[in-house]
Amino acid sequence: MAASQVLRSEWTKIRSVSSTVWTLSLAAVVTIALGILISLLSKNEFDRMSVKDRLSFDPTFISFAGMSLGQLAMIVFGVLVVSNEYSTGMIRTSLAAVPQRGMFLSGKITVAAVLALVVGLVTSFVAFFLGQAALGPHRASIGDTGVLRAVIGGGLYMTLIAVFSMGVATMLRSPMLSLGILMPFFFLISNILGAVSATKKVGRYLPDQAGSKIMQVVTPLGDDTPYGPWGGFGIMVLWVIAALLGGYALLKKRDA
Amino acid sequence: MIELVGLTKRYGEKVAVNNLSFTVRPGIVTGFLGPNGAGKSTTMRMVLGLDHPTTGDVRIDGRHYDHLKDPLKYIGALLDAKAMHGGRSAFNHLLCLAQSNGIPRARVHEVLDTVGLTAVARKKAKGFSLGMGQRLGIAGALLGDPRILMFDEPVNGLDPEGIHWIRNLMKSLAAQGRTVFVSSHLMSEMALTADHLVVIGQGRLLADTSMADFIQQNSRSYVRIRSPQRERLLDVLHGAGITVVESGSGTLEVDGGKPEHIGELAAQHQIVLHELSPQQASLEEAFMQLTAESVEYHAHADTPHAPPEPRREWGSDWKRGA
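Residue numbers (the numbering used here), protein chains in the order written: chain A, 1 to 256; chain B, 1001 to 1322.
These aren't lab readings, by the way, just hints derived from the structure by calculation. Hints are supplied without guarantee of correctness; some may be wrong.
[Claimed, not checked] Quick list of in silico lysine-lysine cross-link-like pairs, DSS-like style, CA-CA up to 30 Å:
id, chain 1, residue 1, chain 2, residue 2
1, B, K1171, A, K253
2, B, K1014, A, K252
3, A, K43, A, K200
4, B, K1073, A, K253
5, B, K1126, B, K1073
6, B, K1082, B, K1123
7, A, K201, A, K52
8, B, K1073, B, K1124
9, B, K1171, B, K1073
10, A, K200, A, K52
11, B, K1171, B, K1069
12, B, K1082, A, K252
13, B, K1073, A, K252
14, A, K253, B, K1082
15, B, K1069, A, K253
16, B, K1123, B, K1073
17, B, K1082, B, K1124
18, B, K1069, B, K1082
19, A, K252, B, K1069
20, B, K1082, B, K1171
21, B, K1126, B, K1082
22, B, K1082, B, K1014
[Stated by the list, open to error] Label-pair ranges, simulated between beta-carbon atoms:
id, chain 1, residue 1, chain 2, residue 2, range
23, A, L40, B, K1082, 26 to 34 Å
24, A, S174, B, S1172, 35 to 43 Å
25, B, H1067, A, P184, 38 to 46 Å
[What the hints assert, rightly or not] Some chain B residues flagged as far from chain A (calculated, every beta-carbon gap over 12 Å):
id, residue
26, G1131
27, D1145
28, D1213
For each residue, glycine too, the CB sits at the ideal point set by N, CA and C.
Turn these sequences into a full structure, and let the hints steer you where they fit.
In structure tokens, the structure reads:
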């Protein structure tokens, strides 16, 4: 069984269902639109900001503000790519065609991850340029130190969010259960842990908080985060690897 | 060829498949028969490597399923007609399967044509009727032009025309020298299509025999007699050295007896007969008897002392089904 065959097969699968199109376009539209909106609001707010806030002002990061909501669509994409197989019963047909389960899973995740990366990078660049246009005089330039890294990082961040969701969905199989755990985790729990000072130190090791560090260009004043942009990214990668290994171990062991 | 050796599957305490050993040979249709819940589907999933056996082994042409290169070219299976993504078109469903096994795209059109779905190839599978879904599943099984085909309850829910089509398809596949392994819970269905019979009940092998032998051994013929002078008749028959079985509701049964002979005996002794009829036990009844002890879900589980009435329900059921 050649890996290229599995990749082609998974590409046919992913392009032939409508959920791929609507989840990915929703992720892009929400991220970009919300980013522009918040960039506009920030521009108008700038003159009333304190000195401390002005020094921490990070135009690049502000243009990615829409990602907090857009990533939810990315999570739905990742979950559906995997759990569609289970909820429809297609998994049996798929595993009968590709009995090497590691090959099956890696093929599926590679195709979905590459697609998420393409959409993520386009989204990230568009969100950056439109966001900077909205920021007007306070804008950052793509040539500024760390900005290109942050913009590419935005695309990588969205990809990893999707891949992490694929790993979790492989473990849990059910789309409702997967979304029921991932959505509140990223939208509520992570934010709450990050906002409360007592749990802040724990919260910043969560995948989204660690990973989003890569989109920051200006480190906020008084920020004592013990890792840099790539350090945070590395932490997120570890989360993703853990989710994938968990998914693989269960897929390998379980009856289909 | 499919070889099962000591195949066992346990779910906790429950044994779904119990030490099953048999071989499915090429060139014939092998029927895999058993009541609902006997372990047929579990066995078939283990053949495809979907479920892991607790102990034992299954080999396809001498190899484990996951060691087959491009398995769809060795064995094609229809396990569940609904095992597909409803939002995907029939063509794309088959295309993704073909690509995973290096099967050319042209073959997708061929099998769609074979099963008669060319006209709806671009339609989403969720709009398909059960029969169309079944045909699409069969198209998937045929995709790799495999030497071995396996169908789990392929006629379930089909209209008579669909059933006829599947029967002929299975026979023609076997006639081409392929191995055809098909499960059913209907003896009547197997009698029409299978050359060889593997019967299981509660996961255990009950019979592994040719269809002809099974029919010969199990089609019991007997004479049914009803008489108001039952005691006298019994005496007369015993006196003539005829063994009589008393079945329920006052009727008598004589195995292998000739109605002429019994009628003449009764006339000689001036015994009134209300019924004297030659009977042929159906294969369905033979199957019922074979699996009686191993039926998992009895229709009257709460009334264990009731007479064996469910038998009749069985017969009427398969007659409707056939």
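Of the numbered hints stated earlier in the document, which are not met by this structure? Hints 1, 23 contradicted; others consistent.
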